[in-house]
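Engineer: Residue-level listing of the chains:
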Amino acid sequence: MRTYFPVEELARDERFSKITMSERMADARTVVGRTGGAEEPAKPKRNNNRLVPSRPDASDAARGLMHGIFVGEIQALEGAGRTCHDFAVSNVPGTGPTGADSNPTTGNTVPFALKLDMARQAWDEARHVEISVKLSDWMGTEIGQFAENTVLFEAACSTDPVLRLAGVNRALEGLAIDVFTTMKDFGDLAGDPYLEFCEDWMLADEVTHVKMGSDWLRKVTEQDPERRKKALEFQTVVDKMFSFGGTRSDSEESPIGLARRFRELAGFTEVEVADIAEVSMAALNESKDQVKALRAKVAEELGAQLKANAS
Amino acid sequence: MSVAVTPATFNYVDFDPTSIQRVGEQLVDALGIDRDVRIDVDESTPLARISVDVGDEIVVHADSGAFEDTRRPRQQSEVATATALGRVLHRAADRLHGGFGEAPPDAELSLAQLAAWESYCVGRIERLGVPVNQQRWRYNFRNRHGFSDGADAAFEELWTSTGLTWPQLLAISQRAAAATTAA
Chain A
32 MRTYFPVEEL ARDERFSKIT MSERMADART VVGRTGGAEE PAKPKRNNNR
82 LVPSRPDASD AARGLMHGIF VGEIQALEGA GRTCHDFAVS NVPGTGPTGA
132 DSNPTTGNTV PFALKLDMAR QAWDEARHVE ISVKLSDWMG TEIGQFAENT
182 VLFEAACSTD PVLRLAGVNR ALEGLAIDVF TTMKDFGDLA GDPYLEFCED
232 WMLADEVTHV KMGSDWLRKV TEQDPERRKK ALEFQTVVDK MFSFGGTRSD
282 SEESPIGLAR RFRELAGFTE VEVADIAEVS MAALNESKDQ VKALRAKVAE
332 ELGAQLKANA S
Chain B
116 MSVAVTPATF NYVDFDPTSI QRVGEQLVDA LGIDRDVRID VDESTPLARI
166 SVDVGDEIVV HADSGAFEDT RRPRQQSEVA TATALGRVLH RAADRLHGGF
216 GEAPPDAELS LAQLAAWESY CVGRIERLGV PVNQQRWRYN FRNRHGFSDG
266 ADAAFEELWT STGLTWPQLL AISQRAAAAT TAA
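Line by line, the protein sequences give chains A and B.
All you need for this note's numbering is the position in the first sequence, starting with 1, plus 31.
All you need for this note's numbering is the position in the second sequence, starting with 1, plus 115.
There's no promise every hint is true.
[To be verified] The calculated lysine to aspartate or glutamate pairs, modelled on DMTMM-like cross-linking and capped at a C-alpha distance of 20 Å, are:
(1) A:K250 x A:E303
(2) A:K271 x A:E301
(3) A:K146 x A:D246
(4) A:K49 x B:D184
(5) A:K49 x A:E185
(6) A:K328 x A:D58
(7) A:K49 x B:D129
(8) A:K242 x A:E295
(9) A:K165 x B:D267
For the record, the hints were derived by calculation from the structure and aren't laboratory data.
What you are looking at is a predicted structure, and each value in this text was computed from that prediction instead of being measured.
Please build the complete structure, drawing on both the sequences and the hints.
Structural biologist: Structure (structure tokens):
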């Protein structure tokens, strides 16, 4: 079986439609926002975008997020499975067998117990996929009804297992903790017994996955502070990417909140949680500045156009 | 009756104004609407809000997300277009045909009232032959009326009804909420 599987070749049937992060970011509507017209000032964005039942679009927003969780679970299953297979076994980084799949100079071997944890994670993710399919059905969503963003699997394609632990287990599974907490709270507030119950159970697994990532990252890089630094930098990059547009932060302007308590249970230090909060808030502010600048530009262009038409 | 669509050309999305107009005309015919309709699409936002003003002319304000194919961002979906337009045009037709004189203006409808009215509208859209996912609307109704057998029974009643008046619709909605509280 081949190692290092490219994202383009992930197996999906005709129900699915993939979208890359760059395609998503190329959608001008996500940054331009409501323009109104040259005479009509742009309508400000809601101050509270948190996914709560009182939002007028709550049901559809919850369905969209649930489908995002569903495809995320498929990719998490694929990523954990790849990590079980892609690396040779060695309990001391840099001393494993050589060959196409393991390069001792970069230390891309993994301890056997790490593979066992990834196998357990793959089992959990498979269960989550099944639960997500049933929840989507319950909420009135068909499989593949929303485009699938494949960035989670992309983060699981690194040739360094430590980067996978940082990018997938800590950054993305960390985001999953935030998402599941938001969805669990949503189910609780709406009185939806199945949503609240299922999210709570999946959340418990996600905390375990993040904890496994935190523990293995520390263990594998114990003697290699440079490698640990590089991995944590990669985690910051992934964290920031997923905070794109301010989707997740402490602010009520973000649809998804930061689940501080569960993150601490998952092995994040207070400083690390504070760093993620800062990165997320910076992404939100960056997005707001970008929207403001683009709105001004569009208004200016429309104004010039109207002026030209009048003359 | 005429149906007009603005803008005539889309820049941010790949929408076809002719297709939107055609779907609008089919609905206007099917619902017996007796006045002109204008559909203003705001393509600068991916949100899916849609609203309607009923006057001498019916004006629909739609965010581009309302007509979008969620599988293929920025592309139009004819089913989404028919469902979104059908919801607001049914509501407009209900107001014009009578029995809904006591209904508050759209902006003053509570989320529960709107969910009840939309369940009634989408049930009729399905009977016009537009494919809809009933569970999606049941889930929306449950979010606004609670998750109970009584709420589900009320949803079925709305979905299968024709010729309801506002007081009847309101009574079903209130009964649903009360059933959940009692459960």
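Engineer: It remains to establish, for every hint, whether it holds in the given structure.
Structural biologist: Hint by hint, here is what the structure shows:
1. A:K250 x A:E303: Distance ~18 Å between A:K250 and A:E303 Cα, so the pair holds.
2. A:K271 x A:E301: holds, 18 Å
3. A:K146 x A:D246: holds, 13 Å
4. A:K49 x B:D184: The given pair, whose Cα atoms are some 13 Å apart, holds under the 20 Å limit.
5. A:K49 x A:E185: holds, 13 Å
6. A:K328 x A:D58: Measuring from Cα to Cα gives roughly 17 Å; hence the hint holds.
7. A:K49 x B:D129: Answer holds: A:K49 to B:D129 is near 18 Å, not above 20 Å.
8. A:K242 x A:E295: holds, 9 Å
9. A:K165 x B:D267: holds, 19 Å
Checked against the numbered hints given earlier, this structure breaks none of them.
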